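Take these sequences, add in the hints, and give me the full structure.
These protein sequences, in sequence, are chains W and L. Read left to right, the first sequence gives residues 1 to 550 (my numbering). Read left to right, the second sequence gives residues 1 to 224 (my numbering).
No false leads were slipped in.
Restricting the straight-line Cα-Cα distance to at most 25 Å, the calculated cross-link-like pairs of lysine to any residue (SDA-like) are: (1) W/539 <-> L/76; (2) W/411 <-> W/424; (3) W/550 <-> L/28; (4) L/208 <-> W/178.
These are computed hints drawn from the structure, not numbers from a lab. These numbers come from a predicted model, not from an experiment.
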Amino acid sequence: MIKPMVMTKESPFTPAMMESMKKLEATREARLQTEPRRMTADEKRALLDEYHPDYGDKGFAKIEIGPNAGEKAPKELTALLHSKSRISGLDLDLDKVDFETDVLIIGGGGSGAAAAIEAKVAGSDVLIVTKLRMGDSNSMMAEGGIQASDKDNDSPMQHYLDAMGGGHYYNKPELVRRLVMDGAKSLEWLEGLGVMFDKHPDGSMQTFPGGGLSRKRLHACADYTGAEITRVLRDQVHNMGIEIVDYTAAVELLLDKEGNAAGAVLYNMLTGEYLIARAKTVVMATGGAGRMHYHGFPTTNHYGATADGLVMAYRAGCNLLYQDTIQYHPTGTAYPIQLFGALVTEKVRAVGAQLINTNGEAFVHPLETRDVAASAIIRETSTHGLGVDIPNGRGVWLDTPMIDIINGDGKIATALPGMLRMFMNYGIDMRKTPVLVYPSFHYQNGGIEVNAEAATEKIPNLFVAGEAIGGIHGRNRLLGNSMLDVIVFGRLAGQSAAACAKNVKVGAPTLSHVKEYESQIESAKLEDTGEASPILLPKYARDVNVGKLK
Amino acid sequence: MQEMANVYFDGKHYVVPSDLTIMTAMEYAGYTLVRGCGCRHGFCGACGAIYRLKGETKPHFSLACQTKVEEGMYVATLPFFPLNNKNYNIEEIKPTEQIMMEIFPEVYGCVGCNSCTKSCSRGLATMQYIAYAKRGDYEKCAHASFDCVACGICSARCPANISHPLVGLLARRLTGKYIMNPAEHTAQRAADIAAGKFDADMAAMMAKSKEEIKELYDNREIEK
Numbered sequence: 001m002i003k004p005m006v007m008t009k010e011s012p013f014t015p016a017m018m019e020s021m022k023k024l025e026a027t028r029e030a031r032l033q034t035e036p037r038r039m040t041a042d043e044k045r046a047l048l049d050e051y052h053p054d055y056g057d058k059g060f061a062k063i064e065i066g067p068n069a070g071e072k073a074p075k076e077l078t079a080l081l082h083s084k085s086r087i088s089g090l091d092l093d094l095d096k097v098d099f100e101t102d103v104l105i106i107g108g109g110g111s112g113a114a115a116a117i118e119a120k121v122a123g124s125d126v127l128i129v130t131k132l133r134m135g136d137s138n139s140m141m142a143e144g145g146i147q148a149s150d151k152d153n154d155s156p157m158q159h160y161l162d163a164m165g166g167g168h169y170y171n172k173p174e175l176v177r178r179l180v181m182d183g184a185k186s187l188e189w190l191e192g193l194g195v196m197f198d199k200h201p202d203g204s205m206q207t208f209p210g211g212g213l214s215r216k217r218l219h220a221c222a223d224y225t226g227a228e229i230t231r232v233l234r235d236q237v238h239n240m241g242i243e244i245v246d247y248t249a250a251v252e253l254l255l256d257k258e259g260n261a262a263g264a265v266l267y268n269m270l271t272g273e274y275l276i277a278r279a280k281t282v283v284m285a286t287g288g289a290g291r292m293h294y295h296g297f298p299t300t301n302h303y304g305a306t307a308d309g310l311v312m313a314y315r316a317g318c319n320l321l322y323q324d325t326i327q328y329h330p331t332g333t334a335y336p337i338q339l340f341g342a343l344v345t346e347k348v349r350a351v352g353a354q355l356i357n358t359n360g361e362a363f364v365h366p367l368e369t370r371d372v373a374a375s376a377i378i379r380e381t382s383t384h385g386l387g388v389d390i391p392n393g394r395g396v397w398l399d400t401p402m403i404d405i406i407n408g409d410g411k412i413a414t415a416l417p418g419m420l421r422m423f424m425n426y427g428i429d430m431r432k433t434p435v436l437v438y439p440s441f442h443y444q445n446g447g448i449e450v451n452a453e454a455a456t457e458k459i460p461n462l463f464v465a466g467e468a469i470g471g472i473h474g475r476n477r478l479l480g481n482s483m484l485d486v487i488v489f490g491r492l493a494g495q496s497a498a499a500c501a502k503n504v505k506v507g508a509p510t511l512s513h514v515k516e517y518e519s520q521i522e523s524a525k526l527e528d529t530g531e532a533s534p535i536l537l538p539k540y541a542r543d544v545n546v547g548k549l550k
Numbered sequence: 001m002q003e004m005a006n007v008y009f010d011g012k013h014y015v016v017p018s019d020l021t022i023m024t025a026m027e028y029a030g031y032t033l034v035r036g037c038g039c040r041h042g043f044c045g046a047c048g049a050i051y052r053l054k055g056e057t058k059p060h061f062s063l064a065c066q067t068k069v070e071e072g073m074y075v076a077t078l079p080f081f082p083l084n085n086k087n088y089n090i091e092e093i094k095p096t097e098q099i100m101m102e103i104f105p106e107v108y109g110c111v112g113c114n115s116c117t118k119s120c121s122r123g124l125a126t127m128q129y130i131a132y133a134k135r136g137d138y139e140k141c142a143h144a145s146f147d148c149v150a151c152g153i154c155s156a157r158c159p160a161n162i163s164h165p166l167v168g169l170l171a172r173r174l175t176g177k178y179i180m181n182p183a184e185h186t187a188q189r190a191a192d193i194a195a196g197k198f199d200a201d202m203a204a205m206m207a208k209s210k211e212e213i214k215e216l217y218d219n220r221e222i223e224k
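Shown next, in the form of structure tokens:
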């Protein structure tokens, strides 16, 4: 049962919003009879060039050192790569070993859990370290669904085509092949672990359309898809007796004298203690970067999404791929302010809601790819001047009542219970009124480059899983392909790391790569960023001493 | 002038803007959160918060990231509760009535006090889903517990020491694996791919030039 927790007598919307909402309601009947036109390839290109943050130079800075020197990245990421290590100047005794294992997994989200399960099944000793709690991750927050071509009118080739087009043909073909060919197998595996997919009574999967998808290929667990998958994987990790060290971040990789990955320096987030973990192989499953707020955007990401893995791997010598491309989810929450940036799943549009400007006009097809839809919203609220004023900017309407009109009463309650609950908390009933949205930093399209075995080719014995990988999704990811990549490349990284560990004899660990990187910072005479990286958590605490210190 | 509210974190008084959530108000007060903060959007259950309003007797139960501060709010957070994890093997158990008795026998000690339901930060009928679990109706338990984020407040309040979130999770896994019909078309597709039925077509697709792929993409038919 979902009921408003904050009962307000007055409307939660401002009078100006109510005025605009009337215009939206006036056009709804006509809009229900028509579908907004899809843009041509040329129109999309022009829109992206003009409005998508990736396509300009503003907010980017050139990387001066390391494998990607000369390329651009969001200036916040460049600053992380130009910063000193957190352990700079510390003389750690690398022979005082706190943990020894075959496979060290850094990160406790969906891909880390999937990797751990497979490495354990393959007979390895496995250790998971995670800087918050096991399961706290972007995987837990993925709402919309997971793609896989498992219907008669669909095929891995069709899925491949959609992913390549969505990624603007920059995707690494061998990674996309792996993604789409392992789709059905991944769903079967999850079903076998007890994930409750939305199904028809005969057991066949319900599948939904989505932005940039040419087939109804999206599988869901209401609007808790990522949460349902991640909590099952977490439970399985517990059940298998895999060792988990919570509240413990990795801050640097350890390499042996030959340059192979050989463990990591860990940091207890609660006590500040440094710990040494030695391992035969390492899986980097550190996730995304939303909490870096590139280009000043709010984010749908969890608290720990600060690009840690990219920083550690880059210092060790791995190259990044498409580190300059970010996915802005078109529909982050714009209002109320307490929910600013929170994800309104794409499934809301997949089941019928349209994007509407302040005059009640549908200004874009609701199922364009995410970069196109986000750019259209940015255009509508900037140069077109047709946004709806919110306390800290402008948003557009997402006409949610259309969902129950199209699909019958009760659809929102059964298909979107998480969304309904989130807005109802603030007195907004999305069954009766539309909600206000604006793009929110959702996904790091780029990351560490890997091959089709999830291995980095630069650093032997180092594997990558999940959002930390670059190249699967090209320069723009489709919805439902990240949950799939979490499973496909998470499992693969675990299998590859376990197989590799069988032939590894761990050498003496060193941190010479960290020293060498710092000498590069010095020779390049880079401006002091004033930070050490990875930052591990964003700085949200107010500086309570402002104005008190002379 | 911004409207402010008087709040008390662990008994200590702070004055914070009244449009903040409990979580952002703690950060406004100067806290750097490490425990008790996860997804910040109501899905992960890291930020269970218990509060009482000045002058009231009854405590309220919520998630710190999803709850606006109120005047006179006394807040304690519950970043962790030691739930009773069990090492069952999902392959070896079956959705029988006895299985709940074997894995979580404490559910049969439920005294019907309804504290779990009253303390649910998500407004779930928790005692009802425990009742379904007790009688082996795992599918009903699964649906009734589906929105649980495992904040653990219910377990902290329970006089029978039940780990409610884990009971719901077991019921959901039994339902997903054994009770719901399997997706035969998904298994069939996985088997076809494993047997190499798509290998030639996929190789042909991958051999195409970027221009050919683009042509196919721009002209592909989109399922209505």
